[in-house]
Amino acid sequence: MSELVIQASELTRTFGDFTAVDRISFDVKAGEVFGFLGANGAGKTTAMRMLIGLLNPTSGTARVAGHDIYTESEAIKRSIGYMSQRFSLYEDLTPRENIRLYGGIYGLTLAQIRDRTDVMLKRLGLTQVAGQAVRSLPLGWRQKLAFSVALVHQPRIVFLDEPTSGVDPITRRQFWELIYEAASNGTTVLVTTHYMDEAEYCDRISIMVAGRIAAIGAPADLKREHGVASIDELFVGLARPEVPSSP
Amino acid sequence: MTALGGLLRKEWFHIRRDRRTATVLVALPVVQVLLFGYAIRTDVNDVRLAVVDPAPNSVTLTIRNRFAAAGVFRIVAVVPRAEDLDPLLQSGAAQQAIVFGHDFAADLGRGEPAQLLVITDATEPNTGSLLQTYAEAVIQGYERETMVGRPGPFGPGRTISIIPQVRLRFNPTRESSNLFVPGLMAFVLTIISSLMTAISLTREKETGTMEALLVSPLRPWEIIVGKVTPYLAVGFISMIAVLVEARLVFRVPLRGSVLLLLLEGALFILVSLALGLLISARTSSQRLAMLGALLGTMLPNVLLSGFIFPLESMPAPLQWISYVIPGRWFVTIARGIMLKGIGLGYVWRETLYLAAMAVVLLAASVRSFHERLE
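If you're matching them up, the sequences are chains W and B in order. Residue numbering for the first sequence follows the numbering used here, starting at 1 and increasing by one per position. Residue numbering for the second sequence follows the numbering used here, starting at 248 and increasing by one per position.
Rather than coming from a laboratory, the hints here were simulated on the basis of the structure. Glycine included, every Cβ here is placed at the ideal spot set by N, Cα and C. A couple of the hints might just be wrong.
The following label-pair restraints were derived from C-beta to C-beta distances [stated by the list, open to error]:
#1 S531(B) x T14(W): 20 to 26 Å
#2 S615(B) x A111(W): 35 to 41 Å
#3 I262(B) x S136(W): 34 to 40 Å
#4 Q128(W) x V496(B): 20 to 26 Å
Take a look, some chain B residues computed to stay more than 12 Å from chain W by CB distance [as the list claims (entries may be wrong)]:
#5 A302
#6 P303
#7 S338
#8 G348
#9 H349
#10 E383
#11 M443
#12 L465
#13 S485
#14 E559
#15 L608
Some, not all, of what chain B presents toward chain W, calculated at C-beta under 10 Å [claimed, not checked]:
#16 D354
#17 R357
#18 E451
#19 T454
#20 T456
#21 M457
#22 E458
#23 L460
#24 L461
#25 V462
#26 S463
#27 G588
#28 G592
#29 A603
Work the whole structure out from these sequences, hints included.
Below you can see the structure in the form of structure tokens.
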């Protein structure tokens with residue numbers, strides 16, 4: 001469990017005069033559920049985009065799944081899965097067609113795709129609607145399908161960018177069950193969120209404020225160190241330093 | 248009242264702060280008026296005239312000078328034999344020709360009616376008719392002047408009679424559909440290639456699927472080829488459909504090589520696709536992409552390609568702009584192949600322009616695709 005699958009060191013990204021991510025360093029161990037917390041604009045999405053190769057860093061280094069993000073982005077892309085805030089499924093295709101498309105993109109054989117499609121649809125309870133356009137499915141179902149599709153090639157790490165924004169509490173909880181299931185199968189999960197209750201579900205979290213990591217560690221340790229009752233309280237204290245956090 | 252005032256202010260801010268829309272709102276009417284005002288002109292000037300004069304003498308020279316002095320014609324070639332005309336007309340170096348017979352002056356001298364052949368390129372039917380009328384007016388002017396007694400080679404007051412024989416080349420019945428179909432082909436291909444490519448790529452950006460593709464092991468060129476090839480195929484099929492329809496319904500001639508026409512069409516589709524890619528790389532929403540494709544490719548391809556309005560009668564600046572409009576070259580090529588039956592030997596220059604555009608635009612669009620990752 002001690003293998004480091006993500007190692008970021010002094011990672012920085014600027015847009016003109018604005019520093020979106022300011023020299024962040026952190027490690028993620030294999031099999032961990034690692035939460036990236038922060039307000040909107042704190043830099044969590046930018047940090048994630050640098051790690052998955054959608055954005056070049058301005059400076060700093062990082063290794064993902066043992067590969068350098070500057071020189072080995074191809075190898076990284078093969079070993080990660082990604083699900084954005086906007087689902088990344090084709091809404092006019094059926095679940096079956098979406099799975100087949102992404103399976104093909106990640107180089108699975110047709111036989112592999114067929115097997116995994118059946119398993120996936122059965123587990124998600126989507127077998128009945130496998131031939132309907134994704135557009136016609138309820139939001140929660142679409143989201144679970146998108147998550148499973150991001151895992152179709154069994155990546156070592158899966159990056160989830162605010163996967164639960166705009167979803168009702170029950171669906172959110174079901175979604176987190178899927179995340180735990182993936183983690184128990186050995187997949188490392190890096191998830192951004194601004195729901196503080198979700199932070200409690202993570203093995204470790206980092207709280208980003210204005211592009212920097214203001215706190216990092218296991219939720220229980222952080223609460224103890226800062227003497228707060230909840231992550232929510234800790235977050236508000238870090239994000240607004242002029243307001244003293246209540247003991 | 249203040250509530251309405253606030254509403255008005257807010258809307259004004261919307262317009263002012265959305266620079267692109269503001270530019271469109273201001274620039275569009277200005278450009279449209281310019282284009283329509285100048286482009287839709289039915290008069291013709293700077294007509295390229297060729298003269299066949301097997302036996303030059305003072306009579307034929309006088310008539311030639313009258314053409315040159317009419318202000319509309321520019322004599323581009325004087326050749327001795329009628330056979331030399333064909334390449335001039337086919338290449339478009341000459342739009343019209345007057346052919347003197349060997350005995351033209353002698354016939355007039357004997358007081359007999361002399362025959363003068365006027366050949367006009369009628370690929371563009373309206374222009375063709377107009378040229379015909381201009382030429383006949385010049386000839387009639389000469390007749391009249393000789394009659395009213397200005398000193399001439401036949402002495403004052405002589406009645407002479409020149410019978411102009413009219414021949415329309417390439418499109419003898421002046422069918423406008425003949426002119427129309429090559430342009431329409433360019434139009435249809437632009438819609439499918441530029442518009443559909445731009446829209447479908449920006450749709451992937453909007454829905455987030457583009458990110459999923461970019462994060463995948465697919466290389467950028469694979470994504471581009473994957474997105475573009477289906478539209479290339481659709482464009483090709485619809486070009487064939489337009490050609491078949493033109494042939495069966497409008498009986499538009501197809502005198503040249505069909506293979507060459509299809510290859511040139513594929514080249515034009517490629518240019519349009521590259522434009523669509525470029526537009527989608529620079530825009531973030533389907534709405535903007537559609538606007539960009541309409542203003543950037545469809546309007547110019549309709550207005551400045553010679554599809555509807557003859558380029559010859561446009562002012563020089565518009566003609567210069569037309570050099571970078573792919574439709575201009577494709578329409579010229581397609582008309583040449585279909586109506587004049589010419590081969591690559593006559594359209595290599597236009598083909599080269601299109602090929603250069605394809606290379607530059609494809610390189611630029613692949614580049615801007617890479618830049619998005621920065």
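**OP:** Run the structure past the numbered hints and jot down the numbers of the failing ones, going up.
**Re:** 4, 12, 16, 17, 27, 28 and 29
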